[in-house]
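Asker: Please model the entire structure based on the sequences and the hints provided.
Here the sequence shown stands for residues 32 to 199, numbered as in the working numbering.
Hints may contain errors.
Taking lysine-lysine and the DSSO-like style, the derived pairs with C-alpha atoms no more than 27 Å apart in a straight line are [stated by the list, open to error]:
#1 K143 <-> K103
#2 K103 <-> K56
#3 K131 <-> K143
#4 K131 <-> K103
Quick list of the computed label-pair ranges, beta carbon to beta carbon [to be verified]:
#5 I63 <-> D121: 18 to 28 Å
#6 D180 <-> D58: 15 to 25 Å
#7 I63 <-> K103: 10 to 20 Å
#8 M190 <-> T94: 14 to 24 Å
#9 D58 <-> R102: 24 to 34 Å
#10 D58 <-> T138: 28 to 38 Å
#11 E198 <-> R59: 33 to 43 Å
I should point out that these hints are in silico values taken from the structure, not numbers from a laboratory.
We put the beta carbon where it would ideally sit given N, CA and C, even for glycine.
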Amino acid sequence: MTYSPAHEEHLPYNPLHDLIRLLRKIDRPAYIFPARMLGHATVGQHVRHILELTQCLLQGYATSHVNYDARKRDLSLEQDPDTALALAEDLANRLELPDKPLWLAQTAWPVKLVPSFYSREVMYNTEHAIHHMALIRVALREMELNIVDEHFGVAPATMRHRRSTAER
Numbered sequence: 032m033t034y035s036p037a038h039e040e041h042l043p044y045n046p047l048h049d050l051i052r053l054l055r056k057i058d059r060p061a062y063i064f065p066a067r068m069l070g071h072a073t074v075g076q077h078v079r080h081i082l083e084l085t086q087c088l089l090q091g092y093a094t095s096h097v098n099y100d101a102r103k104r105d106l107s108l109e110q111d112p113d114t115a116l117a118l119a120e121d122l123a124n125r126l127e128l129p130d131k132p133l134w135l136a137q138t139a140w141p142v143k144l145v146p147s148f149y150s151r152e153v154m155y156n157t158e159h160a161i162h163h164m165a166l167i168r169v170a171l172r173e174m175e176l177n178i179v180d181e182h183f184g185v186a187p188a189t190m191r192h193r194r195s196t197a198e199r
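Answerer: Spelled out as C-alpha cells, the structure:
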C-alpha cells in the first residue's frame, strides 16, 4: 500500500514516510551542514541514526535477536541524501511484519538479553525517530529552510491533542 496523509488515521504512524519526504527535498549542502544549535551535528547524522536503528530491528526480526548497538554506522548515509532516501524507502516498505517475541541484546547494560516484541520495538523506533526528527527540525530552522510541514518531528499524540484543543 502506498502511503498518503489520508491513511494516517487508519494505519500506524510510520515516521519513515516523513523522513522520505524530507530526503526528497533536501540538498547535499544542507544535509551535511554542521548545525550550531545541535553541537555541530548534521541532518545526515540524525537520519543515519534513525535508519540504522530501523535496519537493526529488521535484521534482528529474522533471528529474533535485535542488537541496536551493532549498527553499521555507514557514513554514506549521513553524507548523501540520495543513499539515505533509497534505504528509507526500502525500510518503510518492509516495516509491516507480524508481531512476534524478540530478544533485545544490550552490550552496555548488566542484563544482556531482554525479552521484547516486534510491535514494542516498532513503537520504540517510532518514538526515537520522532525525537531525532525534532532535532532535524531545529537544524532546518537554523538554516532557514522551510521544507517540512508543521507535523515533522511531532508525535501523533501531540498532533491529536493540538487538534482537540484547537476545536474548543
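Asker: Are I63 and D121 spaced within 18 to 28 Å by their CB atoms?
Answerer: holds, 22 Å
Asker: Determine whether the Cβ-Cβ distance between I63 and K103 falls within the hinted range of 10 to 20 Å.
Answerer: holds, 19 Å
Asker: Looking only at beta-carbon atoms, does the pair D180, D58 fall within the given range of 15 to 25 Å?
Answerer: holds, 18 Å
Asker: Please work out if K143 and K103 have their alpha carbons no farther apart than 27 Å.
Answerer: Status holds; Cα separation ~20 Å.
Asker: That 14 to 24 Å hint for M190 and T94 (C-beta), does it hold up?
Answerer: violated, 35 Å
Asker: Is it true that E198 and R59 lie within 33 to 43 Å of each other by Cβ?
Answerer: holds, 41 Å
Asker: Assess, step by step, whether the Cα of K103 is no farther than 27 Å from the Cα of K56, and give holds or violated.
Answerer: holds, 25 Å
Asker: Hey, K131 versus K103, does the alpha-carbon distance stay inside 27 Å?
Answerer: Satisfied, since the Cα-Cα distance of roughly 24 Å is no more than 27 Å.
Asker: Starting from the range 28 to 38 Å, see whether the pair D58 and T138 falls in it by beta-carbon distance.
Answerer: holds, 37 Å
Asker: Honestly, do D58 and R102 meet the 24 to 34 Å range at C-beta?
Answerer: Check passed, 26 Å falls within 24 to 34 Å.
Asker: Between K131 and K143, does the CA-CA distance stay at or below 27 Å?
Answerer: holds, 20 Å
Consistency note: the structure conflicts with earlier hint 8 alone.
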